[in-house]
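Q: So you can see what is in the structure, the chains are spelled out below.
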Amino acid sequence: MIAVFGMILGVVLGLIFKPDVPLWMEPYLPIAVVAAMDAVFGALRAYFEGLFSDKVFVVSFISNVVIAALIVFIGDKLGVGAQLSTGVVVVLGIRIFTNVAAIRRHLFHA
Amino acid sequence: MTDPKHSTVAASPPPPRDSAATLGLLGYVTAHALDDDYREVARARGGRPPARRTAWLTVLVLAAFMLLIITAATQTSRNAVAEAHERADLVKQVKSKQATVDAANTLIDQLRAQNSTLTSDLASNDKLSSGTRTTLGTLGVLSGISAVHGPGVEITVDDAPESHSTRQTVLDSDLQLLVNGLWQSGAEAIAINGERLTALTAVRQAGSAIDVNYHNLSRPYVVRAIGNPATMPARLADTAGGQAWLDLHQQLGLRFDVRTRTRLDLPAADVPTLRSVKPAVKQTAKGETP
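Protein chains in written order, with numbering that gives the first Met the number 0: chain A, 0 to 109; chain B, 0 to 289.
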């Protein structure tokens, strides 16, 4: 319940303030979102498996976002930003799918 | 919600760390989809329920997560709107340029049509001017201001061999009679001793000599007339001037030789000073002879 409250708070804040993303940050935003999704779905699976820990969630969320953005940033500097972005999205996507599959098993026992 | 206690932890046990290298990359990623830290922390906790002290941190992070998603979504839609605006602008520019090109093409067509009209006008003007030139040439022949050549007759007249009186000499009136007779018999141009006769020429006596165009002539008098050499001598004989000269030749012995020539060259008369000239017909543009 408290998690749903937090999400609603984020949506409301976003809709109210409509924060403007600086131009230099724009390429990293989608990757950051995917990394954050990975952390959130991992936390949800941990919750269903009884392993959830606030500290681990917060740390994994922040480190995921920062590292994903950092990889793309360095890739941009090296001239292989597009390839590294693809790699990050593939790995995170596999993790997201796996975690969501586990969540589904817990929810529907299937 | 189901009880998470009898969960699938046993179904998917964490593989040993050192086996990571032997697993395939995809298999490793799948096996480690859940952060290992969760299990480490849970094991350290030893089965006790997690502490809720730091729940506000989770709330904060989830809020940040949704904020991130909303921001990304707004940014993308905003960019899409901007791109749509740009696209509309470009479409508008293309359309306006196309209109400009169309207008230019229309102008080109108009100018081409105008050009062809002007070309045909020019051609008809050329025709007109050539007609005018022909008229001018005819007038030059008739008025005597241009030199002419052509077939004609050459008449040589002179005093009688032993002239004792003015009756037996050629007088200005005799030449006038002859010239008028030649005009009547179809002469187109006449010259006496190289003096071209025009409408303003006077043939008259000045002392003992005859003046033509204010030039004294000396005997014998050679009258050249351009015209049809086949008919002119006969027609001359029918005129009053011709009759008079035949009489003079027979009665008084004046010389009167008529010869036909296939080519005669007559000089141009001095261009007379025009004193008052008015067009007889106003519509000269239609190419009519005034």
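Treat each hint with caution, since some may be false.
[What the hints assert, rightly or not] One side of the interface only, derived from the structure: several residues of chain A facing chain B at Cβ under 8 Å: (1) MET6; (2) LEU8; (3) GLY9; (4) ILE70; (5) PHE72; (6) LYS76.
[Unchecked claim] With beta-carbon atoms standing in for the labels, derived distance ranges: (7) A:PHE16 to B:ASP35: 48 to 54 Å; (8) B:THR99 to A:PRO29: 25 to 31 Å; (9) A:ARG103 to B:ASP88: 44 to 50 Å; (10) B:THR99 to A:VAL79: 43 to 49 Å; (11) B:THR99 to A:PRO18: 39 to 45 Å.
Calculated directly from the structure, the hints in this document are not laboratory data.
Just so you know, even glycine gets a beta-carbon here, dropped at the ideal spot from N, CA and C.
Q: Run every hint past the structure and note whether it holds.
A: Verification of the hints:
1. MET6: Given a least distance of 5 Å, the restraint on A:MET6 holds.
2. LEU8: At 4 Å from the nearest chain B Cβ, A:LEU8 passes the 8 Å test, so the hint holds.
3. GLY9: 3 Å, holds
4. ILE70: 15 Å, violated
5. PHE72: 17 Å, violated
6. LYS76: 22 Å, violated
7. A:PHE16 to B:ASP35: 48 to 54 Å: The hint (48 to 54 Å, Cβ to Cβ) is violated, given that A:PHE16 and B:ASP35 are roughly 36 Å apart.
8. B:THR99 to A:PRO29: 25 to 31 Å: Given range 25 to 31 Å: violated, Cβ gap about 41 Å.
9. A:ARG103 to B:ASP88: 44 to 50 Å: 47 Å, holds
10. B:THR99 to A:VAL79: 43 to 49 Å: Holds - the Cβ-Cβ distance for B:THR99 and A:VAL79, about 45 Å, lies within 43 to 49 Å.
11. B:THR99 to A:PRO18: 39 to 45 Å: 43 Å, holds
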